[in-house]
Amino acid sequence: MAGLSGRREEPLEDDFERDLHTEHQILNMGPSHPATHGTVKFLIELDGETIVDLDIQVGYLHRGFEKECEAGTWYQAIPYTDRLNYNSAILANVGFCLAVEKLLGLETPERCQWQRVLASELSRLADHLTRCGAACLELQAMTPFLYGIEARELTWDLMEILCGARVTSNYVRIGGVKHEMPASFPAACRTNIARIRALLRDFDEVVTSNRIFVDRLKGTGVISREDCLRYAVTGPILRSAGEPLDVRKAEPYLTYAELDFDVPIGEVGDNYDRYLVCVEEMQQSLRIVEQCLARLEKLGPGPVNSFDPRVRWPAKGRVFNQMEELIQQFKSVTEGPRVPAGEAYLATESANGELGFYLVSDGSAVPVKVRCRPPSFINLRPMPMMLRGAMLADLIPTFDFINMVGGECDR
Amino acid sequence: MEDHGSPALRALLTSFPDAIFGTHAHRGDATALVDADRVDQVLRRLRDDPELAFEMLTDLTCVDYLGEEPRFEVVYHLYSVAKNHRVRVKARVAEASPELPSAVPLWASADWMEREVWDLYGVRFRGHPDLRRILLYDGFEGHPLRKDYPKEKRQPLVGPRN
Chain G
2 MAGLSGRREE PLEDDFERDL HTEHQILNMG PSHPATHGTV KFLIELDGET
52 IVDLDIQVGY LHRGFEKECE AGTWYQAIPY TDRLNYNSAI LANVGFCLAV
102 EKLLGLETPE RCQWQRVLAS ELSRLADHLT RCGAACLELQ AMTPFLYGIE
152 ARELTWDLME ILCGARVTSN YVRIGGVKHE MPASFPAACR TNIARIRALL
202 RDFDEVVTSN RIFVDRLKGT GVISREDCLR YAVTGPILRS AGEPLDVRKA
252 EPYLTYAELD FDVPIGEVGD NYDRYLVCVE EMQQSLRIVE QCLARLEKLG
302 PGPVNSFDPR VRWPAKGRVF NQMEELIQQF KSVTEGPRVP AGEAYLATES
352 ANGELGFYLV SDGSAVPVKV RCRPPSFINL RPMPMMLRGA MLADLIPTFD
402 FINMVGGECD R
Chain H
3 MEDHGSPALR ALLTSFPDAI FGTHAHRGDA TALVDADRVD QVLRRLRDDP
53 ELAFEMLTDL TCVDYLGEEP RFEVVYHLYS VAKNHRVRVK ARVAEASPEL
103 PSAVPLWASA DWMEREVWDL YGVRFRGHPD LRRILLYDGF EGHPLRKDYP
153 KEKRQPLVGP RN
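Protein chains in written order, with the working numbering: chain G, 2 to 412; chain H, 3 to 164.
Pulled out of the complex, with its shape left as it was, chain G reads as follows:
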């Protein structure tokens, strides 16, 4: 075709068909990015906005949890477990103490077990609220975040009544709990549960069928059941892929066998399924808390600490008046229990999945090994596989619902 100047124009098709020269670029995200809970660094290889590959660098919060535990007594490890997953400190308290009790061959009183379950479920609720609230915030939805955080404050108010601290509670003891719950707790708990339920309803109305939220979450970060098992992924991620594995049901500990609760599962294993699983688990946790309250009231007053002489702390009145009790108190404080030689692994269901403690003792008052099997660390490993070929923006919700917590991941 001749142009206006009479000169023949170059055919346009060649321009469109010619390969455009593109280069993969490496993007550093973190260690201090607002959407990286705690500190973690992603090295992302990008083709345009598509993720080609991803390297995750963890360890910024490594503070030698195991080394510190191996230097102190068994009791002194408990406050460190608070700081593993700081969203749900009690779950780690309970996991560690149950593992020590397994090694000691110790049974705790029934009242103690119900209080532990109650505190655990409040912790799980706080963790899920943080996860779902923060996910909304990072997808630019401020209002549901505030609903979630308000509900979390209500659970932390309950924690404060129960154990005196809001976040790092240090509530559980080897062979028991710190103290009997205050008399004002059941009424406060029922009031707050009603308010949390109302907030969860508000949250649900704003978020669950919100077009933007659903579009960002549906079909992103997909992982199959088989891949979950290969990567040893547990918790809400595995359940969202359709496998109803929950340590509370599979290997019931404490009083979970006597409780009536359901294990929600997803279908496709994407971020939206994980969100729905978490929302339903919060409702189940509230159900469990109510059952615990009813059971505790039915049980009536009783001991919350084991009478086993290896872990029992004598009553204060006797310590001041009797020589033997004074000596026992002194030994309990300075040394704590001598745990018989051996090894034990105990798995519990934390908010992120299987939280296990593997302990080795040589019979002395100082542990040889305190291994925490961190669900955050293990669940983070398949993230590159979940994101290859996805858009850069999908990284944020996927990371949110993996719910890596720096304290537990890096230990």
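Misleading hints may appear alongside valid ones.
[What the hints assert, rightly or not] Derived DSS-like pairs: lysine-lysine, alpha-carbon spacing no greater than 30 Å straight-line: (1) Lys68/G <-> Lys149/H; (2) Lys317/G <-> Lys299/G; (3) Lys103/G <-> Lys153/H; (4) Lys85/H <-> Lys250/G.
No lab work stands behind these hints: they were computed from the structure.
Add chain H to chain G, keeping to what the hints say.
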């Protein structure tokens, strides 16, 4: 040696009579101490046997028994979702050549856990695709969870590298 009523230990004792050095079930945890050089065969059998079906390598860690020989004990915890049972497999490696076959070809979850054991204990895994430090930084000297690494020891932070 006894199987302590565990199907996993029974299968291992029949299949690998010379690679199993001991078993116990202290506090109900079925445990086998196996030959470090054949630990990959043992783990493969545990994973592939449909009667055992250990689909998950739940945990992998190491214990330093300073003063004993062999010094390090690498500990594998396996779990079967289908059968809902667990087994612990342990293998001892000497301080002079702390190395054993990698479990990454069997379970993808072994990747980071083996890197962590290398990082903190200095035990190597033969055949690991990318064995580098994970929790500590590249310039860190030594392996801090070894019992002879002093807890108070401080190391200078390395600057940014090219």
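To see whether the hints hold, each was checked on the structure:
no. : hint                  : verdict
1   : Lys68/G <-> Lys149/H  : 9 Å, holds
2   : Lys317/G <-> Lys299/G : 29 Å, holds
3   : Lys103/G <-> Lys153/H : 28 Å, holds
4   : Lys85/H <-> Lys250/G  : 14 Å, holds
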